[in-house]
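The lines below spell out each chain.
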Amino acid sequence: MPDTVTVRIPTALRPQVDNHESLDLAGGTVKEVLGSLTSQFPELGKRLFKADNELNRFINVYVNDEDIRFLDNLDTVVKSGDELSIVPAIAGG
Amino acid sequence: MSFVKALSCKECEAEYAIEPRTVCDFDFAPVEVTYDYDAMRGRVTRDSIESGPPSLWRYRQLLPIESEPTIGLHSGWTPMIKADSLARELGMRDLYIKDDSANYPTYSYKDRVVSVALMKAKELGFDTVGCASTGNLAHSVSAHAAAAGLRSFVMIPHDLEEGKIVGSLVFGPRMVKIKGNYDDVNRLCSEIADKYNWAIVNVNLRPFYTEGAKTHGFEIAEQLGWQLPQHTVVPVAGGTILPKVYKAYQEFITLGLVDDNSPKIHAAQAAGCNPIVTAIEEEMELFRPQKPDTIAKSIAIGNPADGFYVIGVVRKTGGWGASAEDGEILDAVKLLARTEGIFTEPAGGTTLACAIKLIESGRIPRDESLCICITGNGLKTIEAMAGQFVETPTINAKLVEFDELVKQIDKTNVPPASQPIST
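Protein sequence lines correspond, in order, to chains A and B. FYI, the numbering for the first sequence is 388 to 480, going by the working numbering. FYI, the numbering for the second sequence is 14 to 436, going by the working numbering.
Keep in mind the hints are simulated off the structure, nothing from the lab. Please note: incorrect hints may appear among the correct ones.
[What the hints assert, rightly or not] For each label pair, taking beta carbons as the anchor points, the in silico distance ranges come out as: (1) B/Y50 with A/T398: 55 to 61 angstroms; (2) A/E430 with B/V189: 34 to 40 angstroms; (3) A/D405 with B/K208: 42 to 48 angstroms; (4) B/A52 with A/E441: 56 to 62 angstroms.
[As the list claims (entries may be wrong)] Straight-line alpha carbon distances no greater than 27 angstroms define the calculated DSS-like cross-link-like pairs of lysine-lysine that follow: (5) B/K95 with B/K347; (6) A/K466 with B/K347; (7) B/K23 with A/K437.
[Said to hold, decoys possible] Where chain A lies over chain B, by a calculated footprint (3+ residues, C-beta under 8 angstroms): (8) 37 to 44; (9) 300 to 307; (10) 371 to 380.
All values derive from a computational prediction rather than experimental measurement. In this text, a Cβ means the ideal position worked out from N, Cα and C, and glycines have one as well.
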């Protein structure tokens with residue numbers, strides 16, 4: 388049984404994932420987990436990733452509340468029970 | 014009636030109706046209000062604006078509002094100061110301070126964006142408004158909501174200055190302190206906006222909120238006698254105001270209200286939180302987020318949502334960026350106070366300190382006109398000034414003791430700011 392990670396889906400993305408608020412997905416790194424997500428929901432893949440497989444710059448991904456850009460980006464290792472959040476960047480001050 | 018066309022994605026140009034919306038459904042890029050400029054020509058004129066009220070609502074036709082304004086009736090139209098004393102100190106010829114430390118009712122540029130956002134919240138039928146804030150936005154949301162009879166929720170980082178907390182609480186919002194920095198608060202707020210049907214001004218009302226920031230730029234142009242400064246230095250936190258000052262200048266140019274003198278826009282950040290300036294200086298396409306560590310807490314946003322657009326505007330206009338250390342920030346706060354009589358918060362000190370660096374490096378030539386955007390008030394962050402001044406003497410109420418003190422002060426080399434009138 389591979390590790391599964393809970394992925395929290397923002398409202399804006401839910402129409403692409405049959406309106407799930409979260410999904411439990413397999414993978415040992417952020418890239419693998421997001422790969423599981425986008426292979427189930429290919430339309431979502433087009434929105435999360437640019438053509439060159441770089442993450443869309445308006446999307447922030449957090450593992451247990453830490454921005455993956457402070458970790459190992461898409462290569463960040465995840466384990467069972469971790470929570471991965473996809474959050475659109477927003478403004479303020 | 015307004016000249017609003019739609020909400021349009023800044024990247025893919027997908028169009029949406031005027032509705033609460035955080036980002037584009039397709040690529041998550043920000044959406045922006047678009048207008049029918051052709052219809053505005055001949056109807057939005059210098060005269061039509063000048064005959065408006067002395068508030069940001071004089072630019073109502075360039076804002077996304079359909080009904081008669083009832084919120085923020087005294088916000089905006091802040092002083093534009095010809096800063097001759099500061100100019101002499103810096104060797105500049107034509108220097109201006111756009112002073113939103115005097116904005117009404119909560120003394121920061123946020124009174125502009127909140128006025129527009131809450132008007133829109135009202136038009137859209139919301140009864141609860143909220144925000145993620147480093148303090149100034151929370152003040153403004155709390156005050157405007159109180160006056161408008163709306164319920165408010167404000168979310169702030171747990172370690173803000175006391176003045177920043179009291180300055181909201183007095184208006185009776187529901188305040189929540191979040192363990193984490195602003196970026197953590199922001200992330201939570203975007204999830205809250207998803208779950209509750211509230212108008213979070215910088216989340217699902219963001220497209221309308223950000224339009225309010227244009228009025229800072231409109232006023233600079235109008236108050237300068239319908240012309241644009243050759244250089245504008247703007248602080249960068251989340252990245253809202255800088256691109257909107259640019260948009261304001263471009264709208265006035267499009268409508269023929271000012272000449273296009275190719276105004277350059279420069280970015281100012283604290284050295285302890287300078288992801289955008291780093292990207293500009295290192296000519297990177299994207300910025301890397303940072304964990305903020307600066308005295309300028311109101312601009313301590315390490316992951317600026319509109320940072321990408323700040324970089325774009327700075328490059329497009331031929332501007333540049335600078336960042337300032339805490340010591341330089343406090344020195345600049347004192348410099349502005351002692352030369353122009355304006356007490357700004359550390360964010361304003363940052364902007365001035367960065368402007369000085371850009372002048373000294375030749376990015377802003379001394380014989381060209383410059384406007385420095387001061388966006389917040391120092392009375393909210395007095396803790397930041399701790400230890401900056403000589404101890405204030407205490408004497409008995411006797412003239413002889415005062416005479417003795419004056420003699421001593423004459424002998425001491427105290428900085429001009431605290432120097433009394435000499436005999």
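Hint-by-hint comparison with the structure:
| no. | hint | in the structure |
| --- | --- | --- |
| 1 | B/Y50 with A/T398: 55 to 61 angstroms | violated (33 angstroms) |
| 2 | A/E430 with B/V189: 34 to 40 angstroms | holds (36 angstroms) |
| 3 | A/D405 with B/K208: 42 to 48 angstroms | violated (19 angstroms) |
| 4 | B/A52 with A/E441: 56 to 62 angstroms | violated (40 angstroms) |
| 5 | B/K95 with B/K347 | holds (18 angstroms) |
| 6 | A/K466 with B/K347 | violated (52 angstroms) |
| 7 | B/K23 with A/K437 | holds (16 angstroms) |
| 8 | 37 to 44 | holds (count 6) |
| 9 | 300 to 307 | holds (count 3) |
| 10 | 371 to 380 | violated (count 0) |
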